[in-house]
Every structure is written in C-alpha cells, then in structure tokens.
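Listed in order, the protein sequences are those of chains D and G. As numbered in our numbering, residues 1 to 486 make up the first sequence, in order. As numbered in our numbering, residues 1001 to 1418 make up the second sequence, in order.
Derived from the structure by calculation, the hints contain no laboratory data. Where hints are given, some of them may not hold.
To be verified - Restraint-style ranges between C-beta atoms, simulated for each label pair:
(1) D:467 with G:1272: 54 to 62 angstroms
(2) D:234 with G:1056: 43 to 51 angstroms
(3) D:77 with G:1064: 50 to 58 angstroms
As the list claims (entries may be wrong) - The calculated DSBU-like cross-link candidates involving lysine-lysine, where the alpha carbons are at most 35 angstroms apart (straight line), are:
(4) D:391 with G:1402
(5) D:55 with D:104
(6) D:216 with D:231
(7) D:372 with D:356
(8) G:1239 with D:296
(9) G:1264 with G:1221
(10) D:231 with G:1218
(11) D:216 with G:1218
(12) G:1094 with G:1264
(13) D:185 with D:356
(14) G:1094 with D:231
(15) D:185 with G:1218
(16) D:66 with D:391
(17) D:218 with D:99
(18) D:216 with D:185
(19) D:99 with D:55
(20) G:1002 with D:301
(21) G:1239 with G:1218
(22) D:476 with G:1002
(23) G:1218 with G:1002
(24) G:1264 with D:305
(25) D:171 with D:66
(26) D:171 with G:1369
(27) G:1094 with D:476
(28) D:372 with G:1221
(29) G:1239 with G:1181
(30) G:1369 with D:391
(31) D:66 with D:76
(32) D:177 with G:1221
(33) G:1218 with D:476
(34) G:1155 with D:485
(35) G:1218 with D:274
(36) D:391 with D:231
(37) D:391 with D:218
(38) G:1236 with D:250
(39) D:171 with G:1221
(40) G:1155 with D:171
Yeah, the Cβ is synthetic: ideal placement off N, Cα and C, and Gly gets one too.
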Amino acid sequence: MTDVLIIGGGISGSAIARELSRYQLNITVLEKDVDVSAGTSKANSGIVHAGFDAKPGTLKGRLNAKSNAMFDRLAKELDFPFKRIGALVLCFDEADIPKLEQLKVRGEENGVEGLRIIDRDELMQLEPNMSDIAVAALYAPTSGIVCPYEMTIAFAENAAQNGVSFVFNAKVTSVSKENGIFTVKTESGAEYTCHILINAAGLYADEINNMLSERKLKIRPRKGEYSLFDKAVGGFVNHTIFQLPTNLGKGVLVTPTVEGNMLIGPNAEDIDDKADVSTTAEGHREIFEKAELSVKDIPYKQIIKAFSGLRAHEAGGDFIIGEAEDCENLINVAGIESPGLSSAPAIAEMVADIIKQKHELKENPDFNPCRKPVIRFRDLDNEARNRIIEKNPAYGTVVCRCETVTEGEIVDAIRRPLGATTFDGVKRRTRAGMGRCQSGFCSPRIVEILARELGVDITEVTKSVHGSNILIGRDKLIGDAENEKR
Amino acid sequence: MKNVDIVIVGGGPAGLAAAVSAKRHGADSILILERDASLGGILNQCIHSGFGLHRFKEELTGPEYAQRYISLVEELEIPYLLGTTVIDITHDRKVTAVNSEDGVIEIQAGAVIMAAGCRERPAGAINIYGDRCTGIYTAGTAQKFVNIDGYMLGKKIIILGSGDIGLIMARRMTLEGAEVKAVIEIMPFSSGLNRNIVQCLNDFGIPLYLSHTVTSIKGDKRLESVTVAEVDQSLKPIKGSEREVECDTLLLSVGLLPENEMSKRADVVLSGVTGGAVVNERFETSTPGIFACGNVLHVHDLVDYVSEESERAAKYAVDFVRGRTYAESDIQITPGSGVRYTVPFKINPHNIEDNLVIRFRVSTRYSDKRIRVLINGEPVMSRLEPALVPAEMQTAVISREKLNAIPDIRDIVVEVGD
Chain D
1 MTDVLIIGGG
11 ISGSAIAREL
21 SRYQLNITVL
31 EKDVDVSAGT
41 SKANSGIVHA
51 GFDAKPGTLK
61 GRLNAKSNAM
71 FDRLAKELDF
81 PFKRIGALVL
91 CFDEADIPKL
101 EQLKVRGEEN
111 GVEGLRIIDR
121 DELMQLEPNM
131 SDIAVAALYA
141 PTSGIVCPYE
151 MTIAFAENAA
161 QNGVSFVFNA
171 KVTSVSKENG
181 IFTVKTESGA
191 EYTCHILINA
201 AGLYADEINN
211 MLSERKLKIR
221 PRKGEYSLFD
231 KAVGGFVNHT
241 IFQLPTNLGK
251 GVLVTPTVEG
261 NMLIGPNAED
271 IDDKADVSTT
281 AEGHREIFEK
291 AELSVKDIPY
301 KQIIKAFSGL
311 RAHEAGGDFI
321 IGEAEDCENL
331 INVAGIESPG
341 LSSAPAIAEM
351 VADIIKQKHE
361 LKENPDFNPC
371 RKPVIRFRDL
381 DNEARNRIIE
391 KNPAYGTVVC
401 RCETVTEGEI
411 VDAIRRPLGA
421 TTFDGVKRRT
431 RAGMGRCQSG
441 FCSPRIVEIL
451 ARELGVDITE
461 VTKSVHGSNI
471 LIGRDKLIGD
481 AENEKR
Chain G
1001 MKNVDIVIVG
1011 GGPAGLAAAV
1021 SAKRHGADSI
1031 LILERDASLG
1041 GILNQCIHSG
1051 FGLHRFKEEL
1061 TGPEYAQRYI
1071 SLVEELEIPY
1081 LLGTTVIDIT
1091 HDRKVTAVNS
1101 EDGVIEIQAG
1111 AVIMAAGCRE
1121 RPAGAINIYG
1131 DRCTGIYTAG
1141 TAQKFVNIDG
1151 YMLGKKIIIL
1161 GSGDIGLIMA
1171 RRMTLEGAEV
1181 KAVIEIMPFS
1191 SGLNRNIVQC
1201 LNDFGIPLYL
1211 SHTVTSIKGD
1221 KRLESVTVAE
1231 VDQSLKPIKG
1241 SEREVECDTL
1251 LLSVGLLPEN
1261 EMSKRADVVL
1271 SGVTGGAVVN
1281 ERFETSTPGI
1291 FACGNVLHVH
1301 DLVDYVSEES
1311 ERAAKYAVDF
1321 VRGRTYAESD
1331 IQITPGSGVR
1341 YTVPFKINPH
1351 NIEDNLVIRF
1361 RVSTRYSDKR
1371 IRVLINGEPV
1381 MSRLEPALVP
1391 AEMQTAVISR
1401 EKLNAIPDIR
1411 DIVVEVGD
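Could you put the whole structure together from the sequences, leaning on the hints where they help?
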C-alpha cells in the first residue's frame, strides 16, 4: 500500500511526483509506456508560455504566468535546457491592432510582465526573416523555450532520487475504491493500493476519472503536426513567433528550439484515436501555408523530421485540477493541454497544496532538489573535456557525430536513476540520433551499447515499446554457423 | 598544440589515397584522423565486388580495395589515429579532434585535406508521412547491421529509392533470406548504375517500379505496410493509383549528402548543387590551405575516381605546405544545358600541369547526345554519347596543349547538345 499513487509519467505526473517527494510520503508512479515522457509530453512545441493567452480567472490564466517565473530556478536545480528568448504575436492587419492591445491587457491581468506592442520597424530588427505582411506584434520577453522530454525526464529522475518508485509497462485496466482505499489493476495483472490517487493520465485521464466518479470527463485528442528543421537554420528566427488568429483559423508558431533547431507547427485536428500520432501530407501543407504568413523563404530543404502530438483536450476547455467532488482523495489533473508544460511546476504545487489541506504532511529531511548533473560533452570547453575523458575514457569516443554525443554520455543515460532502456530513451536523454542524419550512423553503435549495458541480446533492444525491436535475428550465414555449433 | 604538415580528415578511400599520394610527393608529416575503429571507411561494409576495375584492372570487394591502400599506408608508415572524431576546424587550419586515449587533440595543420565522405538522406528529409514505428532504415545503416554486425533487420522489404546502395541491399537482403518485394523510384529512371540494376534486381527477379513513390507508412510498433503510388510528371502522387503493400521493413536509398559540417566551421564556401566545397583545379576550397576530395566534395559513382581525385588533391596540398604559389583560379567553369555541376568549379589554365580533367553529372537521361566543352563560346571538345544518365559521373579531358593554344580564356562551359 502506498500513500500516493500517480497514474501517468508525463510532465504532470513527473512534476507532481517530484513536488510530493519533498514530504514523507510513499509514492508510486504508474506509466503505461516503457519510459517517462512517452506521450503528449514528448511531442509538443516546447514553449514556456508567458501567460497572456488564457482568460483571466481560469486555471490556465492563474497558473501559467506564476509557473513561468519558476523556470529559471528549476532549470538550474534539475539541469534541463531552458532559454528565455521572448515571444512575438504577429498581427497581419492594421485593423487587428486593437486585438493585440486586448491580448496585452489580458496578459497583464494574468500577471505577465514586460508586455508591449512593437511596430513593424522594431519587428524587422528583431526578426529579419519576418514576412512582408506583418504590421505589428505583441512582444512578451518572459516567454521561453525548453526541451519538453528532457524537462520531464529531469523531474522524474529527481523524484526517483528522492524515493519515488516508477513502474513502467503498467497500463491501468481498472480502478476501484472501497473503505477509503483505492485499488488499481494493471494489464500485467499487478495490483496497487493507495490512500490518495492522482489521475495524471493525460489523454486517458477521462477514462480513469470515469471509473470512479459520476462527474464524467470527456477528453478528445486534438492532433498537432510539426516540422523540425536542421540546426543549420536554427537561427532563422530568434523568438517564438505566434500569430493572431486569421481567416485561416488559429495560427501556427515558428520557433527556435532550445537545442538550436527550428520548429514549425502545430495545426489542430480533433481525432478519435488516442494512439494516432501519424503525420499527414495535408497537415504539413497546412502548417507550412500558415507559417508562410509569419516568415518568408522558409528553408524547406533543411527539414529533418516530421512528427505529431496529441493535446489532451477536455470539453470544458480549462485545466481540471482538484479533488473529484464525489470521490474523496481522487485528485484529477486532467485536460492538461497548452499551456500545460509551462504550468506543470505550478500545477504540481497546487496538487501538493490540495493534499496539504486534507492531510498533515511532514517534510522529507533528505529531499534534494538538485538532480545529479548531466555531462553534455558538446557544451564543455576543451579543458573540462580532457578532465572528464581522463576520468572516464568513454567520454572521448564520439558516437553521434551530428550532435557530438559521446559513449560516456550514452552509458550515463542508461545507468542514471530511471535510466534509458530503449533506443528512444537514449535519444531523448542524450540527443544521440537526433541530428541531421537521424541516427543513420550511430544507431548500430547505440544498439550495441544498450545491449551491453542492459545485459541483453542485441536483438532484444527496442526502439520504444515492447515489440519495436530493431533487429530480428542473426544473419543467415552466422545464424547457421551458430546453430551448427549448438 | 602540435604541428602537422598535412592533416587528413577521414580514413576512407579518399583519405587513404590522399595520404599515400602526399607521402609520395614528399610530405614530411601526415596524420589521418579516422572516427571509426578501423581504416577503410564505408568500403568496409561494401562486401560485394565491382571495385577497382579502373584503378587496379581487377574486380575487388570493398574491403579488398580498401586494404590495398591500407597496406600502402602501413608500408609508408603514415601515422593515423582511429576512434578519433574531428570536432572543429578553423579557417587558419587549427584542427581539434578527440579520442578516448589522448583526450582533446589540438593540431596546427600546414594543410587540411577534407575526406570525410557523405551521409545518407534520412526519412525525415523526404515527404513520407504516417505512423511512427520501427522498421525504417537507410540502406547504408542496414548494410552496416547486416554486413559488419551480422544481424538481420526484417523479412519483407520494400526499398525506396534506386540509389546504388539500395540496389546492392536488395540483393543482399534476398541472399539473407528476406523477401524484397520491390524497389520504388520516384524518377522515371534509376539513380543507380545500370550494372547494379542487372546484377542486383533483374538477376533476382526483384521488380523496379519507376515513377512510383511511397506516400505513407503504417505500423503500430513495427512497420506493417506502406502505401505505394504512381507519380505524375511533376512527381506528385496520382490519386487512385495508391495501393498498400505489406512489409516489415522500409529501406531508404534516396540520396547521399556530402558531410561538410566541419568545412562550414572553417568558412569553406559550399555549392548549393553538390553540397560539397567550391574548389579550383587544385581541389583547394575557398579557405586557403583546406582541400577537399572524394564524396565530401561531390558524390562519386565509382571509388576508383575517388582515389584518383584524392591523389591529385594531395599533391596540391603538399605544394601549399611548401609555399608554392599558383595563379588565381578566376575562370569559371559553367554547367551549361543538361549539366548539373562541374568539379572543379573554376580554374586558371596556367596552373594546369598535364590535362584539365572536368568531372560532372548530367541532369537527366539523354541518348545520342554530345558532351561539349566550349571555351570562349568555341567548342574545344565534343564527344557523342549513345546514353547519358545522371547516375554516372562524366569526364571531359582537355589537354594542356589545347588550353595553351587559346590565348585569352574568359569562360568555359560544359554542356549536353546535339
């Protein structure tokens, strides 16, 4: 029996787990995938929004700006890449400038600092590749960019360091409550019991809630497609560029990523399949068409990857955070779509406060807010590189040439708390395979290192979930020879 | 910081040939930097034969071809570092590399020869949409897994793109017991050599669908099927022609890109057509003392030409180290009608010591056309070709005598004409 069971190892579940690990609580996170940050948290814009977009008074409005201010400290404590580069909301019609003003007022009501309207001249100075039709913009200097999966992994790792247990491949199949105790069953047949159940199941949060509460939720996936560009054009834009809605509907963004690529997207398409993260030609046409309103001469030749993510859109439109009215100690964290990533730290605090109101929580004297630092070879100077190679020669072997990731970093990513167990896990922790060749050269090496470190046969190494094996078996010749030997 | 006369980035066919040539031209200190654990580069995984017909007048496998040069490097006692990745090159030729034994190595090079080869165009760079599953690999990555590591990737294979590695892998996967269902090529002609189509596809009954492409991929965990469609003249999929083909593996052979990240750091100007450096007749890039040869310069069809080119580049690198000066190469060679690019991009006739060798590729298929070289608008070379294909690198040679006979060379054009 645990004190707290969290369903979902996305950004919400991971941030809550880390926040609650400040207290003397027995906490377990159940994640259906093989790794944290495997769903919506890995495929989104990676923006730490300033907080001007949401209506004042809503949870989104209340939490976003507050959370934004927490990022400098968190990025330092948890060692994840974060840059406060500022955002621009472009306006394409003089007649729409009052809408920028409204957005500014709304932002100020939400507590966003530094907002101002800038004219085309200043805009051109900030963004030389701006389109000819942009007339003005709202400038939000506090907006930032973050790597969403590195951030999630950082929270989860720190939570694990502070005693939280994570169980993977643990898809919840049923939840029930009797005598104040929740019983949660997973696909493998395992059973977990707890006093407090936190539903941070992302796209599936409605299903979890609806098993326990009569106040039914309905989450419909809203797909967004993205196009990722080579680092060679990472400086094409300097800020996160949004658009005021036009007659083409809600706009798309064009932004540098915190790792130095350029990202365009997302569109918004309501779909029914919660597992459908496919990309489409139509979706990409739409995001390119819209992006061309913001910037001109998009370097399409530099595209290295198409991907899509699903927003966990709840019919009510706002975050749903709080104890279910008809189910005590079930705390829902549902409908966490944009600005969910930005708000996660504040959401985690809010959840902790909700629990504190009902239960007396004792501080965990051993809580360490700092995650074990990550060595990123490419960011070190040569002196530091030599020091680390001397200690561990594996840091002198570059495995991923595009992103300059060394064997030492890959081994560390596997051996860390909550370490990588899959190819994608290594990718997200180290960026190996995420560069312009998209793992063409380094994948054989990474697969080999994973097999060695995990102590499994190389054919058992998977890309992600069970069944996504990269190799199917021995060559005919070698296989025959091995069989003969046997 | 240590000083080395000639630093060679890459120990594949280009780097090896350059090293041997530099030594034979009298270079005192040479260092090859190779990121892999052995010399030979991509040739090591090319276990098929067909290499060396021009160079050695015999048919060798990739590793055999590489070994000829590796043996020379060993005989000539040319130093090399393995497992060593170059992480920076400056415009004044400071080379920074790293390996597990020496840590970060900083070298002041007299001249640098870029011989880092090329990489494959990945799936993300071509417009295939659909599910995110395992089972999609570039042909070269598959070749490494199968030939070097000894593992199979799948059983039912579709190959997109008819580049040479794709064709070679069609045969290889078949020999390993996989069912290669088809090779799909978006262009109306193959981008691979004809001999590979005959030996790797026709001999094994593997169909090649020209003017077709893969429009989407389907699969939950592992690839389950791809949608193949015919394309129209503007390469757009034709509605109604789509059909789903069951497969567990998609191999991509959709183009090779010269790997010039380090060149860019050294301010080397690159060509938008080849992706390689803009070089003169001495294979010197826009950054003085930095030379380029092999697939890092432009993607070759045969390794034999890589060796030849690299040997010539190395000679000039040695000249540079010795302070020999050449006249400025300010006469452009312009790709005319039907020609995509030329190497070199510019020359000075006074610098040509024997022949001016121009390598180039045609932009589409031609039959019974002439390759012509015009100097100041006048043809100086003309050759009838029964068949010209983009897959084959072409060569035009103008003798020094012919060049010297023209007093005031203003422009040179290479074209395909009647």
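Status of the hints after comparison with the structure:
At roughly 43 angstroms, the beta carbons of residue 467 of chain D and residue 1272 of chain G sit outside the given window of 54 to 62 angstroms. A beta carbon spacing of about 45 angstroms between residue 234 of chain D and residue 1056 of chain G agrees with the range 43 to 51 angstroms that was offered as a hint. Between residue 77 of chain D and residue 1064 of chain G the Cβ separation comes to about 57 angstroms, which falls inside the hinted range of 50 to 58 angstroms. In summary, the hint linking residue 391 of chain D to residue 1402 of chain G is not supported, as the alpha carbons are separated by about 62 angstroms, beyond the 35 angstroms threshold.
About 12 angstroms separates the Cα atoms of residue 55 of chain D and residue 104 of chain D, which keeps this hinted pair within 35 angstroms; it holds. Under the criterion of a C-alpha separation no larger than 35 angstroms, the hint pairing residue 216 of chain D with residue 231 of chain D is inconsistent with the structure, at around 45 angstroms. Between the alpha carbons of residue 372 of chain D and residue 356 of chain D the distance comes to roughly 28 angstroms, so the proposed pair stays at or under 35 angstroms and holds. Straight-line distance between C-alpha atoms of residue 1239 of chain G and residue 296 of chain D comes to about 30 angstroms, which keeps the hinted pair within the 35 angstroms bound.
The hinted pair formed by residue 1264 of chain G and residue 1221 of chain G fails the criterion: a straight-line CA distance of about 38 angstroms is larger than 35 angstroms. Of the pairs offered as hints, the one joining residue 231 of chain D and residue 1218 of chain G holds, with about 29 angstroms between alpha carbons and a cut-off of 35 angstroms not exceeded. As the CA atoms of residue 216 of chain D and residue 1218 of chain G are separated by approximately 33 angstroms, the hinted pair is consistent with the 35 angstroms bound. At most 35 angstroms may separate the alpha-carbon atoms for a hinted pair to count; residue 1094 of chain G and residue 1264 of chain G meet this at roughly 14 angstroms.
A distance of roughly 27 angstroms separates the Cα atoms of residue 185 of chain D and residue 356 of chain D; the hinted pair therefore holds under the 35 angstroms criterion. Between residue 1094 of chain G and residue 231 of chain D the alpha-carbon distance is near 23 angstroms, which keeps this suggested pair within the 35 angstroms criterion. Restraint check for residue 185 of chain D and residue 1218 of chain G: satisfied, since their Cα atoms lie roughly 31 angstroms apart, inside the 35 angstroms limit. Restraint check: the Cα-Cα separation between residue 66 of chain D and residue 391 of chain D comes to about 42 angstroms, which exceeds 35 angstroms; the hinted pair is violated.
In summary, the hint linking residue 218 of chain D to residue 99 of chain D is supported, as the alpha carbons are separated by about 31 angstroms, within the 35 angstroms threshold. Annotation: proposed proximity of residue 216 of chain D to residue 185 of chain D holds, straight-line Cα distance about 21 angstroms (limit 35 angstroms). With a C-alpha separation of about 14 angstroms, the suggested pairing of residue 99 of chain D with residue 55 of chain D holds against the 35 angstroms cut-off. The hinted pair formed by residue 1002 of chain G and residue 301 of chain D fails the criterion: a straight-line CA distance of about 39 angstroms is larger than 35 angstroms.
Pair hint residue 1239 of chain G plus residue 1218 of chain G holds up; C-alpha atoms about 19 angstroms apart against a cutoff of 35 angstroms. Using a Cα cut-off of 35 angstroms, the hinted pair residue 476 of chain D and residue 1002 of chain G is violated, with the two alpha carbons roughly 48 angstroms apart. In summary, the hint linking residue 1218 of chain G to residue 1002 of chain G is not supported, as the alpha carbons are separated by about 54 angstroms, beyond the 35 angstroms threshold. Between residue 1264 of chain G and residue 305 of chain D the CA atoms are separated by roughly 22 angstroms; this keeps the pair inside 35 angstroms, and the hint holds.
At roughly 33 angstroms between alpha-carbon atoms, residue 171 of chain D and residue 66 of chain D fall within 35 angstroms of each other, so this suggested pair holds. Of the supplied pair hints, the one linking residue 171 of chain D and residue 1369 of chain G is violated, its CA atoms being roughly 66 angstroms apart against a limit of 35 angstroms. With a C-alpha separation of about 47 angstroms, the suggested pair residue 1094 of chain G and residue 476 of chain D falls outside the 35 angstroms cut-off, and the hint is violated. With a CA separation close to 33 angstroms, the supplied pair residue 372 of chain D and residue 1221 of chain G stays within the 35 angstroms bound.
For the hint pairing residue 1239 of chain G with residue 1181 of chain G, the CA-to-CA distance comes to about 22 angstroms; that is within 35 angstroms, so the pair holds. Proximity of residue 1369 of chain G to residue 391 of chain D is assessed by CA-CA distance (about 64 angstroms); at most 35 angstroms being required, the pair is judged violated. Of the pairs offered as hints, the one joining residue 66 of chain D and residue 76 of chain D holds, with about 18 angstroms between alpha carbons and a cut-off of 35 angstroms not exceeded. Of the pairs offered as hints, the one joining residue 177 of chain D and residue 1221 of chain G holds, with about 34 angstroms between alpha carbons and a cut-off of 35 angstroms not exceeded.
Taking the CA atoms of residue 1218 of chain G and residue 476 of chain D, the gap is about 27 angstroms. The hint holds against a cut of 35 angstroms. For a cut-off of 35 angstroms, the pair hint linking residue 1155 of chain G to residue 485 of chain D stands: about 24 angstroms separates their Cα positions. This hinted pair checks out: residue 1218 of chain G and residue 274 of chain D have alpha carbons roughly 16 angstroms apart, not beyond 35 angstroms. For the suggested pair residue 391 of chain D and residue 231 of chain D, the alpha carbons sit about 31 angstroms apart, so the restraint of at most 35 angstroms is met.
Of the supplied pair hints, the one linking residue 391 of chain D and residue 218 of chain D is violated, its CA atoms being roughly 53 angstroms apart against a limit of 35 angstroms. A threshold of 35 angstroms between alpha carbons decides the hint, and for residue 1236 of chain G with residue 250 of chain D the separation of about 28 angstroms falls inside it, so the pair holds. Between the alpha carbons of residue 171 of chain D and residue 1221 of chain G the distance comes to roughly 16 angstroms, so the proposed pair stays at or under 35 angstroms and holds. Distance restraint check for residue 1155 of chain G and residue 171 of chain D: the Cα-Cα separation of roughly 30 angstroms lies within the 35 angstroms cut-off, and the hinted pair is therefore satisfied.
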